[in-house]
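Protein chains in written order, with our numbering: chain B, 612 to 858; chain W, 21 to 243; chain A, 21 to 243; chain Z, 792 to 996; chain F, 792 to 996.
By construction, these hints were calculated from the structure, which means they are not laboratory data.
There's no promise every hint is true.
Computed list of lysine-lysine pairs in PhoX-like fashion (alpha-carbon distance at most 25 Å, straight line) [claimed, not checked]:
1) F:K824 with F:K941
2) Z:K900 with A:K26
3) Z:K941 with Z:K824
4) Z:K900 with Z:K941
5) F:K900 with F:K941
6) F:K900 with W:K26
Being a predicted model, the structure only gives us computed values, none of them experimental.
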Amino acid sequence: MAINWFKYASPATFYPLAGRMIPWFAWLAIILTLFGLYWGFFETPSILTDQKQYYRIIFVHVPAAWMSMWLYVVLAGWAIIGLVFNTRLSYMMAAAVAPTGAMFTFLSLWTGAFWGKTSWGTWWDWDPRMTSELILLFLYVGYMALHSAIDDTRRADRASALLAVVGVVLVPVIFWSINCPDPNQCAALHQQSSFKGVESNILLAMLVLSIAFWMYSFAVAFMRVRNIILERERNTQWVRELPEVCE
Amino acid sequence: MFQTFKTVLARDILLATRRRTDVLTALFFFLIVISLFPLGVGIESEVLRRIGPGVVWVAALLASMLALERLFASDFADGTLEQMLLVPQPLGIVVFAKVTAHWLLTGLPLVLIAPLIGLQYHLPGATQGVMMLALLLGTPVLSLIGAIGAALTLGLRGGGILISLLVLPLYIPVLIYGSGAVSASMMDGAAVQAYLFILGAFLLLAVVFSPWATAAALRISVE
Amino acid sequence: MFQTFKTVLARDILLATRRRTDVLTALFFFLIVISLFPLGVGIESEVLRRIGPGVVWVAALLASMLALERLFASDFADGTLEQMLLVPQPLGIVVFAKVTAHWLLTGLPLVLIAPLIGLQYHLPGATQGVMMLALLLGTPVLSLIGAIGAALTLGLRGGGILISLLVLPLYIPVLIYGSGAVSASMMDGAAVQAYLFILGAFLLLAVVFSPWATAAALRISVE
Amino acid sequence: MLEITDLTCTRGDRQLFSGLNFSLDSGALLYVKGQNGCGKTTLLRAICGLFLPESGEIYWNGEEIRRLSDDYRREILYFGHHNGIKGDLTSVENLRINSRLSGYDVSDKEIWAALEHMGLYGFEDLPTRVLSQGQKRRAALARLLLTRSKLWILDEPFSALDMGAVEHLQEVIANHIALGGMAILTTHQEVALTTGQVEHLQLDA
Amino acid sequence: MLEITDLTCTRGDRQLFSGLNFSLDSGALLYVKGQNGCGKTTLLRAICGLFLPESGEIYWNGEEIRRLSDDYRREILYFGHHNGIKGDLTSVENLRINSRLSGYDVSDKEIWAALEHMGLYGFEDLPTRVLSQGQKRRAALARLLLTRSKLWILDEPFSALDMGAVEHLQEVIANHIALGGMAILTTHQEVALTTGQVEHLQLDA
Ligand code: HEM
Ligand SMILES: Nc1ncnc2c1ncn2[C@@H]1O[C@H](COP(=O)(O)OP(=O)(O)OP(=O)(O)O)[C@@H](O)[C@H]1O
Ligand SMILES: Nc1ncnc2c1ncn2[C@@H]1O[C@H](COP(=O)(O)OP(=O)(O)OP(=O)(O)O)[C@@H](O)[C@H]1O
Ligand SMILES: [Mg+2]
Ligand SMILES: [Mg+2]
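Can you build the whole structure from these sequences, using the hints too?
Structural data, given as structure tokens:
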């Protein structure tokens with residue numbers, strides 16, 4: 612049996628579906644966060660010496676950094692689908708994902724800065740990863756700024772989608788330029804990280820929290836997309852008939 | 021098709037020469053920014069030599085970006101852009117012609133003036149050649165990428181400064197490799213070639229993709 | 021008279037908030053320019069600390085100038101400027117209100133963000149206070165001087181870049197004393213006061229003279 | 792009360808008109824006519840003080856307008872080829888700011904009434920940028936219903952308006968004249984204005 | 792030859808019109824009427840392909856216009872609320888560039904003749920920026936005398952023109968129709984067009 616994907620691309624169908632999924636994602640996010648933090652804080656103390664306690668910030672820092680990058684890919688994916696198939700829902704999804712992505716970017720910068728202050732003795736340096744993260748923040752802000760600067764929603768959607776696509780073409784180039792501007796020397800404050808070097812308890816907490824952030828992103832993006840749907844479709848019959856609208 | 025390219029190119033250059041100042045202002049802006057730095061930073065030649073390549077490239081970025089705003093805005097305001105969208109030729113051609121004119125008027129002068137800057141910042145002779153070459157390869161990329169931003173922000177209030185927000189992050193690779201090439205030429209001649217090669221690759225990519233992205237952006241913005 | 025001032029000020033702030041981005045873009049431009057430098061210049065903290073004050077001031081100059089273009093241009097294009105010239109109050113008041121709004125939206129945010137830049141360039145804590153104070157005194161001067169340039173170039177093609185040509189040289193004293201104050205605070209606390217005092221004097225002069233000069237320029241440009 | 796003596800206006804090296812003399816009393820309307828490019832707009836802007844004539848004087852109640860400045864500007868309302876409204880603000884906000892700047896406070900109720908009067912009911916709260924050409928014009932013209940200025944200077948106010956709106960605007964102007972106001976008007980459309988004293992000024996080169 | 796089926800256009804959240812159907816043959820003129828803001832401009836821009844309609848199709852000689860793109864654009868001439876001429880160039884230069892871009896070379900003699908025809912004799916060499924409102928309009932309209940496009944789409948072409956010019960323009964349009972051309976027109980002025988087949992489309996909401 613073939614699934615009619617375009618059926619779910621209609622806001623009217625997607626709205627209730629998203630509504631039903633939000634609680635699941637929200638609860639998963641809460642449970643996993645609690646578990647991850649518990650594990651990170653109470654099951655790992657033995658391996659961290661006293662001056663290394665701040666290392667625990669890794670449980671927020673690294674998942675946030677991962678999510679920030681992944682969400683940009685998601686954003687661009689929706690943008691491409693929107694431009695190709697001209698489905699309104701994809702634009703709405705893109706617009707709904709952006710603030711969460713920006714938030715994680717900021718979170719990773721913020722936690723990284725604190726970590727840096729304690730670990731490297733400086734709030735900020737021009738380490739490649741840090742620089743890339745900063746630029747990612749600019750890209751998110753650019754997307755949101757363009758979207759909010761245009762108040763014809765159709766134009767706003769399409770223009771900012773195009774920007775996201777241009778961004779995603781250039782993002783690898785930008786990151787690659789920052790990481791290795793000179794083929795001979797790739798000095799960085801971040802060590803060449805690999806999972807092997809990380810203690811398994813820490814790794815577990817980190818991974819659990821990554822999944823928790825992921826679930827959180829789903830829940831928040833769905834909530835936001837539902838709001839966007841309500842606002843944009845407020846003049847349609849089906850929105851007027853919704854119980855939460857007509858009361 | 022070539023006829024269209026030629027007409028648009030000639031038109032934009034004619035428009036610029038009508039106001040003679042236009043041709044020179046990007047250049048002057050560049051020069052002024054470059055000259056402001058020693059005033060703010062101090063005039064020790066060691067420091068200047070150190071920051072010279074970076075300053076030149078940042079100034080080039082800003083000059084190119086500043087001029088970008090006008091790329092489509094005035095055509096948009098008086099309705100001629102609408103007419104260009106109705107030209108019976110691919111819009112990408114028109115865009116490419118406009119960007120070419122823009123580069124000839126704002127990018128090329130920077131390339132030609134480069135040696136003068138070399139003097140201001142005490143850069144050695146060989147470096148100046150590299151700088152010109154790097155600017156020659158890099159500034160068209162700036163114009164091409166910038167055009168996309170200019171098209172997207174068309175007719176928006178605060179367009180000028182919104183463009184910078186969208187476009188400056190995308191300029192970063194050019195900045196890094198451009199100033200990298202110049203810095204490298206002061207230390208190690210061999211690495212220069214790799215830098216220039218990468219800049220060339222950027223240019224090729226930009227020429228192929230940017231006009232079409234810009235055209236798409238224009239269609240969205242004019243609607 | 022105060023009523024007119026209030027109305028124009030409220031109007032311009034309302035216009036800016038209508039497009040929420042407008043308020044933030046000058047700020048982001050400033051941040052991006054500041055962040056570009058290390059990419060071009062290199063990331064050694066010694067060099068960064070050395071050029072930090074200069075970079076901050078040059079970026080502030082550019083951000084303020086870029087935003088200036090919009091000060092009268094959009095009012096000119098849609099005919100509201102003409103209507104303002106016909107307001108039964110001295111034109112200087114209207115101009116002063118517009119410049120104040122401009123500074124609140126573009127200058128003040130720079131002052132508030134200054135400490136963040138201090139971090140990026142590894143500036144010591146005391147310096148950051150001085151930098152904020154210097155920016156607080158200096159940025160209004162930039163807005164006031166810039167307004168004259170914006171009024172003179174109104175409606176000219178390539179206005180944006182022409183403004184920079186007229187205005188940047190006039191900005192130089194602010195740049196020199198502003199970055200001087202910041203640099204001095206890193207070495208010799210006593211000299212700082214003198215620098216700030218001079219900046220304050222500039223501000224006073226600008227507040228007194230610039231609105232009338234701008235008003236005169238506007239009358240000429242609109243005719 | 793408005794008196795013009797020996798007015799000559801030049802643009803570039805073209806002399807548009809020279810030695811123009813006329814005067815306009817309360818309750819009178821002056822209808823400036825002429826081909827495209829004969830200098831109607833230039834004349835109107837000169838009367839507003841926005842354009843400096845080559846020679847000649849313009850008097851308001853016997854005083855030179857350059858000398859009066861603020862006091863004169865309080866008495867006039869100029870409506871030009873441009874609408875003079877901000878696209879980013881709604882019609883209501885535009886009108887409110889406009890009247891505040893002209894020096895009188897108008898209540899929101901009056902503003903909404905004026906807009907409804909101009910046929911913009913339902914569009915009051917949209918940014919004027921999205922309005923159609925004619926709707927923008929209507930929003931700008933709503934000022935006429937709120938102003939307390941005596942001398943209206945209207946440059947082609949009827950352009951872009953549909954027929955209903957043209958008729959309506961004629962009434963508004965006629966009303967103003969009937970109440971002792973003054974107006975100077977240009978238009979290329981045949982418009983019937985009957986109330987008050989209508990004078991004609993042919994500006995042809 | 793131009794056929795429109797079931798066209799619906801929306802701006803913001805306002806539906807301007809829906810389910811619009813009509814077709815237009817050679818030698819016919821379509822007169823689009825309606826109040827300010829009813830969607831005339833939007834309809835005309837949709838026909839040009841500058842505005843994407845919410846739903847419905849537009850066919851030219853049986854083919855969808857989006858598919859034809861270049862070939863369709865060669866057949867149409869659009870004249871909107873904006874003049875579409877550069878203020879920094881002279882009328883002659885503007886016209887020359889315009890026709891080159893439309894794909895045909897017109898000699899300078901023809902251009903000067905067209906401008907004289909439009910009553911711009913003596914103004915050909917001024918930058919159009921200094922021309923009066925109506926003169927700018929005339930310079931822009933001179934394109935109609937040089938074009939070889941079949942379908943003219945004219946949005947209020949008569950606005951700002953003086954009476955002589957309005958009459959003249961009517962002749963030009965009538966001529967085009969008589970030679971088998973097509974035109975779509977909006978205007979708020981009463982205009983008498985007699986030649987050819989004149990259809991009316993009332994667009995009211
Ligand atoms: C692309 C974004 C980022 C990723 C993927 C990332 C990833 C990581 C990872 C995996 C570690 C663990 C061990 C290591 O490799 O050193 C780490 C450590 C750290 N990160 Fe990040 N990070 C990112 C951005 C940032 C930013 C923006 C900052 C600062 C503002 C920052 C500051 C730090 C610090 C201070 C450490 C501790 C290093 C140590 O003490 O060994 N990171 N990061
Ligand atoms: N720099 C200049 N050089 C020569 N002629 C000029 C210059 N500037 C303006 N003009 C001429 O001055 C006249 C300005 O006329 P104005 O705008 O007052 O006309 P108008 O009567 O309002 O016309 P319309 O009915 O078209 O609005 C035009 O004929 C224009 O060509
Ligand atoms: N974002 C939006 N939200 C609501 N309404 C909008 C929006 N954008 C445009 N409109 C409306 O769409 C209509 C556009 O009409 P259009 O410009 O096609 O009118 P027109 O028939 O050409 O009028 P005119 O005779 O005044 O030129 C206007 O009524 C305008 O208010
Ligand atoms: Mg006129
Ligand atoms: Mg219209």
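Tell me the hint numbers this structure goes against, listed in increasing order.
No numbers; nothing is violated.
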